[in-house]
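Trainee: Using the sequences and the hints given, assemble the complete structure.
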Amino acid sequence: MKKIGFLSFGHWSPQSRTRSAADALLETIDLAQAAEQLGADGAYVRVHHFARQLASPFPLLAAIGARTKRIEIGTAVIDMRYENPLYMAEDAGAADLIAGGRLQLGISRGSPEQVIDGWRYFGYQPAEGESDADMGRRHAEVLLDLLRGQGFAQPNPRPMFPNPPGLLRLEPYSEGLRDRIWWGAGSNATAVWAAKLGMNLQSSTLKNDETGEPFHVQQAAQIRTYREAWKEAGHTRTPRVSVSRSIFPLVDDRDRAYFGREGQQQDQIGYLDEQTRAIFGRSYAAEPEALIEQLKADEALAEADTLLLTIPNQLGVDYNAHVIEAILTHIAPALGWR
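The UniProt record's numbering puts the sequence shown at residues 1 to 338.
The hints are simulated quantities; they were obtained by calculation from the structure and are not laboratory data. No experiment lies behind these values; they were computed from the predicted model shown. Treat the hints loosely; a few may be bogus.
Claimed, not checked - Within a straight-line C-alpha distance of at most 25 Å, the following computed DSS-like cross-link-like pairs (lysine-lysine) qualify:
no., residue 1, residue 2
1, Lys296, Lys69
2, Lys69, Lys231
3, Lys2, Lys296
4, Lys231, Lys196
5, Lys3, Lys231
6, Lys296, Lys196
7, Lys69, Lys2
Mentor: Structural data, given as structure tokens:
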């Protein structure tokens, strides 16, 4: 069995069916409802700043949580370089309580952004001797500590409202959320770091090219390295691991028109910055029988317990619900995912 959810970047543009920020937000809620009705397991959003895409995630996650009953809701990922961990802990706790404990919060140090050092505009700056990536990981560690629910703030001796005894924690507090934090790892080393801290692992459609092997082979090795580090750390629960994929079964004329032409059928190599060579995983688009055989050969998919389907949200709710249904109906049973 494998959990299957969708991942939306929430793009909008006047030239698409999703023409405005309001469209992107409301359609994401509608798609989450549709996905739940189809039997999918998750509705996830990507967070980008300074772009015509989804950004502030917690109002959206809370709205999805209020409009659904079963489906997991989450992020993949929030860039921690931009985040105040204390405010984030409050927002996440509120969203999780509204959703009844269904929040799966993916965080990371971030990726190249729309503007130069965008986190500076949010009021953050690396400490002396610290990189922006270090700052993002530091913010993440503060968040993890806060989500343990331990008191840390000295109460006012003459408060406006009565306080419980002892040091105070942030409220609202959601029990169990600490175990539902995921780290988006771009390298084997950060996957090991996430395992040591007890975070679940999200591995997307790109990672650092560390061996020159095909993307899915490197990603599968990253997952195995993560699980070994988790075991060595002595955690008692079983961790979860997700991978992201673009998968399109060609089952009708719409699918063939959108994705039937030769697309990105091979991995691609690029650079995230001057020093970091990255490998980008291929997309999958084929008739169901051929697609099943292609996916059988994906080693990382076999290793992961959760699959996030990156969807073309600008094609509308109905079409994306069709893609999810096609995967659940034509692909998942044949691969033992259902």
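Trainee: Now, for every hint given, state plainly whether the structure supports it.
Mentor: Going through the hints against the structure:
no.: 1; hint: Lys296 / Lys69; in the structure: violated, 32 Å
no.: 2; hint: Lys69 / Lys231; in the structure: violated, 33 Å
no.: 3; hint: Lys2 / Lys296; in the structure: holds, 14 Å
no.: 4; hint: Lys231 / Lys196; in the structure: holds, 9 Å
no.: 5; hint: Lys3 / Lys231; in the structure: holds, 22 Å
no.: 6; hint: Lys296 / Lys196; in the structure: violated, 30 Å
no.: 7; hint: Lys69 / Lys2; in the structure: holds, 20 Å
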